[in-house]
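Enquirer: Residue strings, one per chain:
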Amino acid sequence: MSRSDTKKPLRQLIHRDRQLLLMFLPVFLYYIIFCYLPMAGLAMAFEDFKMGTGFIGVFNSPFVGLRWFEQFFGSVFAWRLIRNTFLLSFYSLLFGFPIPIIFAICITQMRGRRLAKGAQVITYLPYFISTVVVVGMMTNFLSPSNGIINQFIKTLGGKPINFMSDPKWFRRLYVISGSWQSFGFNAIIFVAAIMGIDPSLYEAMRVDGATRFQQIIHLIIPMIADTVILLLIMTLGNLLNVGFEKVYLMYSPAVYETGDVIATYVYRQGIENKNFSYAAAVGLFYSAVGFVFVVGSNTLSRRVTGSSLW
Amino acid sequence: MKKLLSVVLALALALSCLSAVAESAITDQEGASVSMLAMNSWYSTVDLKDAYLLKKVADNANVTVEWTLIDPTTYSDTVSPMLAAGQDLPDIIQLPDTDNNMTYLSSGMFVKLDEHLDIMPNYSKYLEANPFIKASLTAVDGHIYYVPQTVVTNNYQPVLMLNMPWLEKAGLEVPTTLDDFVAMLRYYKENDMNGNGDPNDEIPMSVQSAFLPYMFGPAFGLDLVSGFYADDNGVVHYAAAEDAYKDYLTFLNGLYNEGLLEVEFTSLNRDQITERCANDLTGATFDFSWQMSNLYSAQYENYDGTKGIIAGVAPLSGAHKGFYVGRNPVSGCFGVNSKSDNIELAVKFLDYAMSEEAQDLYVWGEEGLTYEVDADGNRHFLPRCTEDTIWYQGLGINAPNMPSQQSTPATDVLLPAWHVQNDREFEEPYIRAPFPNVYSTTDETSTISMYLVDVQTYVDERAVAFICGYASIEDEFDSYIATLKSLQIDELIKVKQAQYDRFAAAMK
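Here the protein sequences line up with chains A and B, keeping their order.
Position one of the first sequence corresponds to residue 8 (our numbering), numbered consecutively onward.
Position one of the second sequence corresponds to residue 383 (our numbering), numbered consecutively onward.
Be careful, since some hints might not be right.
To be verified - With a cut-off of at most 30 Å between alpha-carbon atoms, the simulated BS3-like pairs for lysine-lysine come out as follows:
no., chain 1, residue 1, chain 2, residue 2
1, A, 57, B, 516
2, B, 437, B, 551
3, B, 437, A, 166
4, A, 175, B, 867
5, B, 507, B, 438
6, B, 507, A, 161
7, B, 494, B, 867
No lab work stands behind these hints: they were computed from the structure.
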């Protein structure tokens, strides 16, 4: 929309963009139904929810103020849940973020175009494997009795490790498998950014006698820095958004110590144990922290790069 | 003359009524229907929507049932949010649990059935005949809200099963103590029990982690299955907070370190154990008795149906005399939606579903279809029932979606004679009742919902850590107990004590 559009009547604008708007409609409905309407149920967090009264609406159940929040922060698990949630996403970011960049640089520096294309396709395919399958593969490969990894360890004379039920291993497995699954896909945007660099710049550097490594350090990295920073900031906004499905599939009581995150705790309390109000309160706290992160990273983005979401 | 005429007329009227609808009909209205939300079959390839026997029950009652059937493995997760939302619910609802915290009934979602007992002749009769069940269904407010689904309690419960040929080959007596049992496991680990030339492929014991508390808890005097239990003096304890629990963990940690409890015990499942039986790889297991003959023993080539290969034995004793943990009879509940505009019909249908006629259909099916009657008047299931499980289950036998009542005699006829005898000899005498299901008061509910989940989470995760040695029992057991205390375990024990006292009083 250009500025002159504001002078046209709204109806005319809608008519002109009707096809675009129609395409946008499902997205709009998705957010209304699954993100905005449920907010009306947040009142539950301050009530003692009674079964059968419906999730949406205020004053259906007795008001209990901050009782559920007090219960959560008084619980021995509160700190552990917050720590686990934060650390799991922090490590995912720490290890998951640089890998696609390094990979993108390698891919673009390869001489054989075919090889580069092939490597790219192979590495981004795992992104489309369902989480259930990935966790199933992990369980199989890592099985202490007949998993391939432990067979290898045994052949080398080591003692088999029970990866999936040792709390020490939970975060590593989560981060490694997550990076494996997404680094090829995430590299695409960096590959595009690197491809966008004017070839004459490389030529100029070569004429000046720069090595390949110097080209990377002094040309590619500065040229893609903006993209990197923008993406980093946007990822920061989602820092607390750990994948519920994957944690839920991977964890068991044995690894709650490192694997139990706020989202899974809310699920257990709300859906499995029917403490709907308590679960709503914990979920609200989680969303509030997430909100701070999003606003914070947006502000940061505006300061650093001059561009922001709002 | 006038009198005679009126008698004739009355008779004719009565006859015409009889011809129109069966005696068991709960309505004479054409096309009446009730909607019902319930569990589907446990067999994933079976859909009970058009099950023959259930249709027959509905036909007898002269109604059609509009089913909403949900997979039993996700029933609770699917149905509890539906009930919480409370919108557009059907007339009859199978609850996701037995509602001991009165979560549902205190919100007024369900009809008080005791106020309708005048139109529930079958259910009234049932309650009179079963005072124990009546006591456990009577809520704190004195009303009865649900019609139960019940299970056998003192037979065919989880039991220790041993590989009998291995035991014979080893020349060992049936172990009755923990020490003998461990000695047996060690022997199996060292020797080539299945005679395939490889002494290392034997897995001495294959037990799913959920059954470890059933198997070893009693030898330490603990009912870890119920969690809370009352001792002989009626004092309630929490098993995982007792001193004996430390010995239990130490014992299991010992088994784990020695490799007698496999590294993967937390993820072992029944399919894997069945496969091990098929390859003659394992010497002991612990499972619901039901699996003994038709699942585990049936895997062996030389099983002829007259003698068990994997067979049940008496419980193991340790510092305490062993026992097996039984079950509470009420396993499920059906209630009538108080917002339904069809309450009377729904109540009557539930009542008919409790009638002997309907119960007979769930248990036996139909003569000529599933069973035949021999010259002595005894019923026998037809061969197709065991040969074609999917067909048999598809009829709606045992009706997981109806208030069906399991019984020991009806279970006996499905099993080979040796299995029935095994149950009477090694299981029934050793069964101890679990902690009773008692309705909670509002205050109790708030204590339970506030603390119990966290306690259970903590106990579960520490149990694995202690057994696998991620945490040292010597160093950390005291801090484990201290954490349980800070999770208000004492408050919970107080609540359970009050509930137990109420139950004991009601049973007097």
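Enquirer: For a quick check of understanding: which of the numbered hints are violated here, in increasing order?
Expert: Numbers 2, 3, 6, 7, in rising order.
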